[in-house]
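Residue numbers (the working numbering), protein chains in the order written: chain A, -5 to 209; chain B, 1377 to 1616.
Just so you have them, the derived chain B footprint on chain A, three or more residues with Cβ under 8 Å:
id, stretch
1, 24 to 36
2, 76 to 82
Which chain B residues stay away from chain A? Per the calculated CB distances, all over 12 Å, these:
id, residue
3, Arg1395
4, Asp1465
5, Gly1493
6, Ala1498
7, Ser1535
8, Thr1539
9, Ala1548
10, Leu1557
11, Ser1560
12, Gly1586
13, Asp1603
14, Leu1608
15, Glu1610
Please keep in mind that the hints were generated in silico from the structure rather than gathered at the bench.
A virtual CB, placed ideally from N, CA and C, is assigned to each residue, including glycine.
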Amino acid sequence: MGLDITWAVDWVRRSAESMSEHRVELINLDREIGDGDHGENMDRGFQAVLPKLDDLPAGSTPSDVLKLLATTLISTVGGAAGPLYGTAYLKASGAVGGEVSLDADAVVRMLEAGRDGIVLRGKAEPGDKTMVDAWSPAVEAARGAAESGASAATTLQAAADAAAEGAVATEPLVARKGRASYLGERSAGHRDPGAQSTAYLLAAGAAAASNGTSA
Amino acid sequence: MPEPAAGRVGVVFVSHSERLAEGLVELARQMAPTVRLEAAGGTDDGRIGTSFDKVTAAISAADAGAGAVVLCDLGSAIMTAETALEFLDDDQRARVRIASAPLVEGGVAASVAAESGDALDAVVRAAESAGGPGGTGAEAGATAGEEPAADRGEATRISRRVTLTNADGLHARPAAELVKLASSFPQRVTVNGIDAKSLLSIMGLGLTKGAEVEIASDDPEGAAAVDAIVALAESGFGEH
Chain A
-5 MGLDITWAVD
5 WVRRSAESMS
15 EHRVELINLD
25 REIGDGDHGE
35 NMDRGFQAVL
45 PKLDDLPAGS
55 TPSDVLKLLA
65 TTLISTVGGA
75 AGPLYGTAYL
85 KASGAVGGEV
95 SLDADAVVRM
105 LEAGRDGIVL
115 RGKAEPGDKT
125 MVDAWSPAVE
135 AARGAAESGA
145 SAATTLQAAA
155 DAAAEGAVAT
165 EPLVARKGRA
175 SYLGERSAGH
185 RDPGAQSTAY
195 LLAAGAAAAS
205 NGTSA
Chain B
1377 MPEPAAGRVG
1387 VVFVSHSERL
1397 AEGLVELARQ
1407 MAPTVRLEAA
1417 GGTDDGRIGT
1427 SFDKVTAAIS
1437 AADAGAGAVV
1447 LCDLGSAIMT
1457 AETALEFLDD
1467 DQRARVRIAS
1477 APLVEGGVAA
1487 SVAAESGDAL
1497 DAVVRAAESA
1507 GGPGGTGAEA
1517 GATAGEEPAA
1527 DRGEATRISR
1537 RVTLTNADGL
1547 HARPAAELVK
1557 LASSFPQRVT
1567 VNGIDAKSLL
1577 SIMGLGLTKG
1587 AEVEIASDDP
1597 EGAAAVDAIV
1607 ALAESGFGEH
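So that you can see chain A by itself, here it is in the shape it has in the complex:
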């Protein structure tokens, strides 16, 4: 069973819930190696999109939801996460444009486009201690799952699990991009807040997907 507009809206709602829930944790992670505004910025951005979900016209697709989320984050987040996540969701939206229901392959395309958007905007590579370190393993895991015949929901779950592991794996890394890179060696020993928020957001997507299939 594919992931439709109901899933996409639920993903955004669950993302907003998750960002509120983890707001302080993300602020603390960011305070250790950045400017300490990540949790607040993400929470504000996702709260701003919630009322707009009700205004989506009938017949909207997952792509429309992602685009709405992208433009809202870009204009409300303020920190680096705004243009980064905004570009990710915008490219993800473009990759599944017009599709009413996303199958496993579409999920892979969506995640891949999102990851590519972040790389384009932030110019970071895997190992730089950024959100790319969560996105890249997520894309690889999703591709592996889809190729072995997994459902869209299972594919997304595989991506979320890999993103969570990727976020943990940023802890020993020395930052080479972003505000944390000014700290050099001192950035090691801390988890990257952007990688962690990526893990939460993909987990929210997976939860929305599994909820849809079990209902």
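Dock chain B against the given chain A, drawing on the hints supplied.
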């Protein structure tokens, strides 16, 4: 204050800090009174950060048809500016450039180049060739203290001395005019040993009214350039 000139390239300062961006506009305005200088600092609600909407609005205000150059402070300011560019229509996007340059030195150099009527590419070049204060400052300080090497006896060296008579000395607009003139010649020319084609280096000399300066070229073909610059200085840069 003079009216912004439509034919000039505009300059946008994107900073995480609203006050920093506004301060830069204030600073650049001194040397570029007729350029559209726009500040896009801070978030929409006045916090530290960058605002897509502010950057977009500033670009629209700065570009009156001749284009705009965008200067940014930290990484996410560049990302916000790049994202804003992506949302512009194709026509306007072609007229907007993000300069890879230090915010203060690059912004001032871009503003002065825009003030002297340079086209978009030249304004971007002016910004991107502006070094940080460490480079130009130290270089200028070290060389300005040296005796001009007019009597080294090198056969090919052309050297003339001139006393600055205009009120501003080699600052702001006069410096920009000197650099523009020097840049119109292929030969390397120096002012007190400093490259005459580098605006910030020239301004870094801090030469004021009454200063005696050496205009020189090691290039045997450089006589015309030296003469032209001496003539410009003798004319008082049109200030008389």
